[in-house]
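Undergrad: From first to last, the protein sequence lines stand for chains R and E.
Straight run, no breaks: the first sequence in our numbering ends on number 168.
Straight run, no breaks: the second sequence in our numbering ends on number 424.
Keep in mind the hints are simulated off the structure, nothing from the lab.
Each hint should be verified, as a subset may be incorrect.
[Stated by the list, open to error] Covered by chain E, according to a simulated footprint, are these stretches of chain R (three or more residues, beta-carbon under 8 Å):
(1) 89-102
(2) 115-123
(3) 152-163
Being a predicted model, the structure only gives us computed values, none of them experimental.
Think of the CB as a built atom: it goes at the ideal place given N, C-alpha and C, for glycine as much as any other residue.
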Amino acid sequence: MVELRGQVVVAGEADGAALVSAEPLSFWGGYDHRTGEIIDRRHPLSGQIAAGRVLVVPFTRGSSTTTAVLLEAIRAGTAPAAILTTGPDSFFALASVVADELYGQSVPLVSLAPDDFARLRAGQYLHVALDGSIRVTGWASPPPG
Amino acid sequence: MPLSLSDRDRATLAGEFGPAQRLALSIIVRMAGVVGAAALMDITGAHIDSTIYIGEAGLEFAERLASLGARVSVPTTLNVSGLDEHGWREWSVPADWASKAHRQMLAYQSMGTIPTWTCAPYQTEHKPRFGQQIAWGESNAIVFANSVIGARTERYPDLLDVCCAITGRVPAVGLHLTENRAGQVLFRLKSVPTALQSDDSFYPVLGHLLGKVAQDGIPVVEGLEEAPAEDQLKALGAATASSGTVALFHIVGVTPEAPTLASAFQDHAPKQIVEVTLDSLRAARRELTTAEGAELDLVVLGSPHFSLAEFRQLAPLLVGRQCHPSVRFLVTTSRAVAHLAEQAGLLAKLRAFGGQVTVDTCILASPMLPPEVKTLMTNSAKYAYYAPGLLNCQITFGSLADCVNSAAAGRIVREAGLWEV
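Turn these sequences into a full structure, and let the hints guide you.
TA: Shown next, in the form of structure tokens:
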């Protein structure tokens with residue numbers, strides 16, 4: 024089983040199927056916090072439900088209102104189970120930190136080296152550990168091809 | 004790198020200055036860890052974007068802070084809210100939504116802030132000064148403060164901006180520090196006709212191009228024929244912060260940190276040099292239009308909020324004309340500018356034309372447009388960039404005169420000029 028070691032941005036444990044894209048994503052106009060659906064129609068993950076899954080995107084794009092939208096999603100229970108990025112993303116981190124302070128609930132965030140990031144595939148079932156290690160524990164759906 | 008805290012920071016975290024200060028500084032300290040700051044630093048002004056109502060959690064955050072007795076510790080202006088406080092009933096804002104957005108306004112107002120309710124706080128008497136360390140939210144305000152005024156702010160997201168205003172402290176990183184303010188990408192105008200440079204669509208289009216290419220870098224522009232006016236710089240900045248995440252630009256010979264090309268780059272070489280041509284500008288302008296037909300439901304001006312100078316430019320274009328009955332004509336601005344425009348007789352001209360004014364908010368921050376509004380026209384690159392996605396509509400970008408002519412005709416009419424081949 025593959026095991027990767029990332030840098031903890033906001034510590035936490037999570038399990039979920041990976042939703043992977045190399046395209047950055049803005050949550051403002053890109054994430055429906057009522058449903059957890061990715062609604063940026065120009066994004067490759069458009070139409071996917073990210074709630075409860077491990078979202079793997081390099082960073083947030085565009086508006087700083089991304090933080091407010093992710094906070095709403097955490098409150099509504101429609102946030103990803105964890106978010107993996109290619110550098111500490113301060114907009115995702117802020118939403119997670121504020122949710123922790125407000126509700127005692129946060130989304131684990133881990134920053135990966137670009138090479139490790141590139142090894143993750145959609146449909147892998149991932150375990151995110153407190154120390155920032157990521158373990159592929161199986162396939163939520165069969166590997167493509 | 005461990006974060007070094009002052010004695011006062013430690014006292015704040017211990018709760019000596021009350022629970023609101025403690026909560027706000029805890030969030031800042033955790034974020035300082037994320038961005039790798041070695042220390043915190045003082046600011047002397049703030050602009051809060053968290054005022055925009057997104058949902059229950061943002062409202063709960065505001066009301067939690069307010070109930071803990073939060074007060075801002077530096078002069079703090081407020082960005083647009085989700086509601087024209089006194090005029091929302093003229094539009095299609097749901098009453099339940101309005102009541103929550105209004106509670107959020109009251110919460111932020113209760114913290115001792117200045118209720119400017121505008122995304123153009125730099126065009127009020129509260130504008131910062133050169134070199135001032137500030138914590139601003141709202142992308143167009145951030146880029147204007149950094150670039151045109153030479154004040155210093157990072158891109159503060161919603162939720163963090165208010166924490167900075169309450170504590171007067173920020174992580175000492177990024178654009179607060181001189182060495183991070185050097186230009187990175189040089190944009191050289193090449194054979195761009197003077198007539199095009201003086202067209203009022205030139206600056207928003209140039210900004211759209213800069214943002215797309217520079218992304219989160221620091222663009223430097225060289226080769227403008229004439230020094231732009233304040234509202235042109237405002238349009239440029241808002242566009243760069245929409246198509247990209249630009250927080251600072253320099254224009255050689257115009258903006259305060261760029262008296263020369265060498266100073267704009269702090270004597271470093273550009274990482275990238277891009278030629279701006281008539282063709283690349285034409286392509287950028289085309290990207291700002293998503294509509295294909297000539298149908299028109301609404302002309303909207305004022306993102307960022309319309310200034311008094313812009314009302315003065317608009318008024319003579321309206322005289323003796325009438326907005327077509329099937330089109331609405333809307334200007335979004337601040338209550339202060341609306342008041343000045345009223346006193347100057349400019350709003351009377353707008354009303355005589357059949358136009359309307361909305362204050363405190365804008366069409367992107369308030370669910371004010373009725374569902375039958377499907378095709379929009381604007382002279383703002385920011386509206387043109389965001390409206391199609393956020394409002395699920397089609398939009399056409401044009402000059403101020405194009406917008407007025409189209410409103411009068413009841414369909415899209417644009418003067419091609421040098422923009423089309």
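Undergrad: Could you run down the list of hints and mark each one as holding or not?
TA: These are the hints, each one checked on the structure:
1. 89-102: Our answer is that it holds, as 9 residues pass the Cβ test (under 8 Å) against chain E, meeting three.
2. 115-123: holds (count 6)
3. 152-163: violated (count 0)
Comparing the model with each earlier hint shows a violation of hint 3 alone; every other hint is respected.
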